[in-house]
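All chains, full assembly: derive it from the sequences and hints.
These protein sequence lines map, in sequence, to chains A, B, C and D. FYI, the numbering used here numbers position 103 of the first sequence as 103, with every residue one higher than the one before it. FYI, the numbering used here numbers position 117 of the second sequence as 117, with every residue one higher than the one before it. FYI, the numbering used here numbers position 123 of the third sequence as 123, with every residue one higher than the one before it. FYI, the numbering used here numbers position 252 of the fourth sequence as 252, with every residue one higher than the one before it.
Hints in this document: simulated from the structure, not taken from any laboratory. The reader is advised that the hints may include incorrect statements.
Given that identical chains are not distinguished, each listed pair holds provided it fits within a single copy or across any two copies.
No farther apart than 30 Å at their CA atoms in a straight line, the calculated lysine-lysine pairs in the DSS-like style are these [said to hold, decoys possible]:
1) Lys153 <-> Lys91
2) Lys224 <-> Lys153
3) Lys41 <-> Lys73
4) Lys213 <-> Lys367
Bear in mind the structure is a predicted one, so any value in this text is a computation, not a measurement.
Protein chains: 4
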Amino acid sequence: MGMIGGGMDSFIGDVHRKAAAMDGMIELVCGAFSSTAEKSKASGKNLFLPKNRCYSNFEEMIISEKNLPENEKMDFVAIVTPNHMHFSPAKMALENGFHVVCDKPMTLTIAEAKELEELVTSTGLLFALTHNYPGSPMVKQAKAMIAHGELGKIRKVQVQYLQGWLATSVEKTGQKQASWRVDPTKSGIGGALGDIGTHAENLVEYITGLQIKELAADLGKFGKDRVLDDDGNILIRFENGAKGTMSFSQIATGEENNLAIRVYGEKGSLEWHQETPNELVTRWLDKPKTTYTSNGNNLFPEALTASRIPSGHPEGYLEAFANVYKNFALHVNVKLQGNRIENPDYPTVNDGVRGIQFIYAAVQSDKNNAAWTSLK
Amino acid sequence: MGMIGGGMDSFIGDVHRKAAAMDGMIELVCGAFSSTAEKSKASGKNLFLPKNRCYSNFEEMIISEKNLPENEKMDFVAIVTPNHMHFSPAKMALENGFHVVCDKPMTLTIAEAKELEELVTSTGLLFALTHNYPGSPMVKQAKAMIAHGELGKIRKVQVQYLQGWLATSVEKTGQKQASWRVDPTKSGIGGALGDIGTHAENLVEYITGLQIKELAADLGKFGKDRVLDDDGNILIRFENGAKGTMSFSQIATGEENNLAIRVYGEKGSLEWHQETPNELVTRWLDKPKTTYTSNGNNLFPEALTASRIPSGHPEGYLEAFANVYKNFALHVNVKLQGNRIENPDYPTVNDGVRGIQFIYAAVQSDKNNAAWTSLK
Amino acid sequence: MGMIGGGMDSFIGDVHRKAAAMDGMIELVCGAFSSTAEKSKASGKNLFLPKNRCYSNFEEMIISEKNLPENEKMDFVAIVTPNHMHFSPAKMALENGFHVVCDKPMTLTIAEAKELEELVTSTGLLFALTHNYPGSPMVKQAKAMIAHGELGKIRKVQVQYLQGWLATSVEKTGQKQASWRVDPTKSGIGGALGDIGTHAENLVEYITGLQIKELAADLGKFGKDRVLDDDGNILIRFENGAKGTMSFSQIATGEENNLAIRVYGEKGSLEWHQETPNELVTRWLDKPKTTYTSNGNNLFPEALTASRIPSGHPEGYLEAFANVYKNFALHVNVKLQGNRIENPDYPTVNDGVRGIQFIYAAVQSDKNNAAWTSLK
Amino acid sequence: MGMIGGGMDSFIGDVHRKAAAMDGMIELVCGAFSSTAEKSKASGKNLFLPKNRCYSNFEEMIISEKNLPENEKMDFVAIVTPNHMHFSPAKMALENGFHVVCDKPMTLTIAEAKELEELVTSTGLLFALTHNYPGSPMVKQAKAMIAHGELGKIRKVQVQYLQGWLATSVEKTGQKQASWRVDPTKSGIGGALGDIGTHAENLVEYITGLQIKELAADLGKFGKDRVLDDDGNILIRFENGAKGTMSFSQIATGEENNLAIRVYGEKGSLEWHQETPNELVTRWLDKPKTTYTSNGNNLFPEALTASRIPSGHPEGYLEAFANVYKNFALHVNVKLQGNRIENPDYPTVNDGVRGIQFIYAAVQSDKNNAAWTSLK
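Encoded structure:
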């Protein structure tokens with residue numbers, strides 16, 4: 001694996017490296033970690049990388065690695081830069097024959113997203129988008145239960161992603177994570193919408209297996225001088241007639257990382273909270289509340305195989321993230337042997353397109369005073 | 001106290017009686033419990049009432065009691081009938097000099113609601129609407145914390161009231177509670193909206209001290225052949241610029257009585273769940289999560305006085321309901337002595353008007369595909 | 001019902017009155033509420049009792065009521081005094097033909113306890129001991145599940161009752177509840193042991209249907225100058241070979257009323273917490289965790305009939321307490337008609353004897369450095 | 001790092017490898033993974049190790065590595081075998097100049113434990129015992145709060161470690177994890193006592209900073225034909241006068257990995273549950289309940305530095321385990337530079353001795369019908 005972005009000040013770069021390393025299947029062999037050559041090389045040195053594989057920029061890395069012998073060069077690229085720096089390296093990597101792991105949201109525009117989608121199709125290369133929450137065992141159990149019809153037809157959904165870290169103007173204090181996220185040239189047209197709203201959108205579509213058809217969005221800009229949304233409330237309608245609400249925020253004071261979902265079907269319902277990820281609560285017409293646990297009793301295989309340690313031994317954010325990498329690496333290995341997995345269990349370039357369509361629909365709806373707007 | 005409705009098949013009549021009796025301040029002295037004289041008298045007999053004060057209908061009761069000596073006749077009327085039978089007895093009681101306790105939603109129409117409001121003003125009589133949740137000690141603590149500015153300016157709200165008991169067509173099985181609630185001639189233009197949506201609306205306005213300015217409602221009719229909503233998702237905007245979501249349902253399979261609220265201010269936030277009513281969770285910019293408990297440490301007096309037993313000894317639905325009656329009875333006593341409480345702590349006829357305005361706004365918004373609609 | 005004790009300063013008197021009144025089956029008709037005639041009459045007046053039935057002392061009450069016409073006199077006596085004042089009025093009431101409700105622990109000595117037990121047998125009168133926790137619906141569900149063999153043979157038990165209100169020397173501040181509880185002349189030989197340890201002992205025997213055979217107790221006296229225990233840790237062994245721990249405390253700083261029990265059988269286990277009484281968590285060899293709720297799905301009739309309102313509407317301490325009174329009152333009514341309930345569902349004089357035996361065994365064990373001591 | 005044990009059938013070997021790898025500070029360079037040379041080499045191959053560093057047995061590994069150039073040879077040995085195979089390799093490693101990481105319980109006998117302790121002293125080498133739970137950020141916060149006196153003098157402790165996986169005779173089904181644990185030649189004189197009781201003992205001493213002075217143990221052997229305990233209930237007394245209970249079990253049906261601790265001081269108390277490790281609940285004399293979260297507000301530095309990702313992003317078992325390795329690796333690095341950390345934050349050989357003393361005291365107490373027995 002070669003990494004683009006994720007230098008010393010980055011939070012998410014380290015997460016990607018830990019996640020990729022967890023199962024001993026992926027080795028970091030090179031990187032272009034920062035916007036300056038100097039910083040990039042310093043970061044690489046800290047990571048015990050050989051000097052000659054700490055590149056000044058992503059273009060240099062892609063070209064150089066391409067020319068290395070097959071058994072030496074990186075197998076794929078992981079792009080962990082701010083949003084505005086996803087598209088170019090992803091495109092160049094694909095054009096030069098490298099599989100891609102890319103952070104979300106995938107691009108700044110729908111056109112870019114579709115261009116990547118077409119490139120993936122035309123090259124036959126693999127592309128993973130690092131929505132990490134689908135990597136959680138209990139999320140996989142939720143998805144499997146609905147897919148097997150245990151809840152019956154889905155009628156109602158609630159999804160929320162609540163954080164409070166932008167409740168004050170931290171972007172004015174030099175906090176790097178905050179400053180690029182509130183800057184539309186780096187973040188795109190969505191603020192919290194792109195940063196965490198897309199996680200909510202992805203999670204609800206992943207678990208239910210349903211697509212959001214249209215939405216009515218009321219976005220908020222509560223932080224002083226903010227030009228991008230830092231809060232949003234959205235009505236959603238699904239293709240099958242189900243309805244629901246989505247709520248996200250980065251000004252929900254005191255919330256840490258409160259991603260949660262409830263799904264109600266005709267026969268049963270389920271509830272999952274990211275902050276206590278090892279439990280999945282289900283409720284029923286005519287049975288008591290039943291709580292599934294990671295690696296516990298009566299799970300579907302999809303959920304069981306996503307755990308590494310016995311039930312009761314909590315796994316968390318990094319382990320879910322690592323499942324995305326693990327499943328992607330497995331696919332890369334299968335690909336190396338000339339085969340292909342039909343339905344790989346990690347978010348793909350198609351999920352990336354959905355995410356950008358979601359952002360654009362929500363922003364457009366908000367501009368029209370929350371008028372219903374289709375995702376397309 | 002004289003009771004109208006609440007005969008043998010009623011659920012809520014018994015709740016009102018237990019709540020009214022809890023503090024030994026209110027005695028049930030007469031009633032017109034059912035739609036037929038016979039059933040009414042049988043119900044009264046079961047309640048150990050003297051025969052002559054078990055009336056055939058509410059008109060008879062009001063006239064007869066009016067003519068009893070001052071120290072014998074009922075002090076006030078409690079109306080616990082289905083929605084369509086609130087207005088007439090409430091109006092007649094007020095016109096004949098009786099204070100009124102009335103179940104919610106107050107009336108079927110805004111005009112009726114305003115007529116009662118005017119009657120209360122012109123007669124100077126007391127009127128309590130039995131939204132019981134404001135009677136919960138931790139709800140009072142929540143209201144007090146916000147009123148004292150502890151959370152700072154309110155920015156975001158989530159409120160939900162989720163039940164699952166109408167997930168199947170129980171109204172077709174002869175279940176009496178269900179059958180009148182899905183019948184617009186008895187329930188009014190709102191289904192779940194009137195039955196529990198109004199609780200959510202009342203709770204959020206009570207706690208925040210803010211009024212909902214406008215809403216965008218997407219109602220659902222998921223049950224077979226239902227003509228009234230059994231589910232709803234609503235965007236709300238408050239007069240002060242705060243935004244939020246409301247979600248209610250009676251088809252949320254497996255949910256029992258999941259009323260919950262979250263309020264986010266600039267400095268802190270709070271969260272309360274009716275099913276575990278003795279805890280109030282608060283979160284802060286710069287302090288750890290703090291959980292207040294009923295009759296526990298550091299409460300405001302408004303919350304402390306709402307508990308009857310030491311902290312850790314759970315009080316629930318009936319005790320909260322009883323607080324509405326207790327505060328009303330205290331006011332009646334003050335009134336008997338010729339005085340008046342400035343801000344009595346129970347929902348009043350004004351809350352009743354708000355509730356009906358809320359129902360009408362939501363139904364109108366839903367008809368207009370969730371267009372923003374003001375409460376008025 | 002006539003009440004002995006429970007005057008104006010009392011906490012538990014008011015609890016008894018509210019519990020007795022809840023179902024409209026029991027009326028307070030007289031009382032000897034305090035140690036002085038004056039206070040007793042003042043208390044009675046506050047309770048709207050007629051002057052002539054506010055007695056100066058319990059002897060006067062029992063004699064006077066005995067001589068009233070059958071349809072006027074009290075049906076039974078409720079004794080809600082501190083521990084040292086249970087035996088004499090209970091004995092006198094029984095000797096004069098009155099059924100008795102008595103607070104726990106029943107007496108100060110085993111001899112007294114056995115004397116009451118014999119009196120109950122010889123008179124055929126009814127006797128309820130107000131351990132209230134067996135009145136909780138989920139406790140009844142727990143008992144029923146074990147009785148029906150759902151958990152298999154019981155192997156292990158944990159029970160705890162943790163409070164913190166005596167963590168400081170509140171008895172020196174004039175707090176009346178504290179001062180008599182730390183005084184052996186009023187409390188007996190057990191402090192926290194008698195006050196709450198007996199609740200734990202009763203709960204574990206009620207739920208499991210097993211008797212504690214022997215125990216090894218390590219009591220603590222942490223509060224300054226305390227002569228009675230305010231904390232205890234006990235190993236317990238049951239007649240069937242099961243083992244376990246009991247822990248109780250009134251110096252567990254910050255705990256409110258944390259009574260909790262876990263029972264492990266060969267096939268499953270259960271867990272109940274008094275502070276969230278409407279849930280019963282069960283765990284299984286080969287099924288996911290299942291949580292029963294009051295008045296919810298799949299309950300045994302014993303549990304269902306103990307709820308008054310729909311699932312999701314929390315009932316608490318008073319409602320559980322009221323179930324003891326309700327079941328006792330039902331039995332009194334059956335008795336009035338000349339019949340008798342075989343296994344009445346409220347704690348009886350036999351539970352009272354067990355409680356005192358438990359106190360004595362624990363104190364003796366503690367004196368012998370936690371040597372194993374049988375209950376007898 | 002070179003690994004002894006942890007071959008293909010092992011659970012804990014993989015845990016150690018993932019934990020050691022997490023922070024990119026430790027590289028697995030060699031191993032003697034199994035009891036047979038063939039299996040060992042196969043395991044090493046799966047781990048991408050060069051053939052010549054997959055050794056046939058630990059003796060070969062220690063000798064061979066000792067003779068490698070300084071910059072090639074392993075820095076330390078990780079011993080992850082069943083209990084009976086800890087002592088010999090640990091001793092040999094120390095005698096040949098290698099630092100040691102060793103699984104718990106450290107040895108089979110007190111004599112062995114003390115021999116290792118002396119070797120560590122005499123050689124000046126580093127020794128980490130992998131009790132992983134002290135690696136949890138909230139455990140470190142708990143320890144720091146007590147060390148800083150926030151809870152006041154400690155009076156009461158509850159600690160439990162409940163599992164249910166041996167509730168049936170799984171050792172008879174060929175389950176390898178079970179079969180060695182119930183075999184005294186491999187496990188030592190303690191069953192569940194050694195396997196998880198020692199975790200409880202270590203946790204309570206780590207958090208409180210107090211030593212258990214004496215204990216009274218009632219062990220159980222509930223599983224058919226078991227010769228070692230699979231359950232235990234223990235009274236404990238601390239050197240400072242505090243008292244408490246310990247309960248552990250591997251036949252607590254349905255429990256997964258329920259390690260939990262409560263500590264009560266004169267001013268406050270705390271509660272931590274391993275299954276929800278990112279919360280630390282604290283309760284106070286005169287403040288509401290306060291819940292600290294990993295990487296959240298108001299933590300001590302010791303707790304803050306133990307988190308890798310932002311608050312609300314759950315870290316679990318592996319991350320806590322990795323903290324033991326990280327702190328050990330930091331110490332190894334400091335040592336390489338000729339220095340030494342005064343109070344390294346990982347369990348050491350002294351904790352290993354405590355653990356074995358605890359096992360022997362508990363077994364002896366149990367043989368004497370739970371007589372008080374000192375740890376020594």
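Now the hints, each set against the structure:
| no. | hint | result |
| --- | --- | --- |
| 1 | Lys153 <-> Lys91 | neither (39 Å within a copy, 45 Å between copies) |
| 2 | Lys224 <-> Lys153 | between (43 Å within a copy, 14 Å between copies) |
| 3 | Lys41 <-> Lys73 | both (18 Å within a copy, 28 Å between copies) |
| 4 | Lys213 <-> Lys367 | both (18 Å within a copy, 19 Å between copies) |
Of the numbered hints stated above, the single one contradicted by the structure is hint 1.
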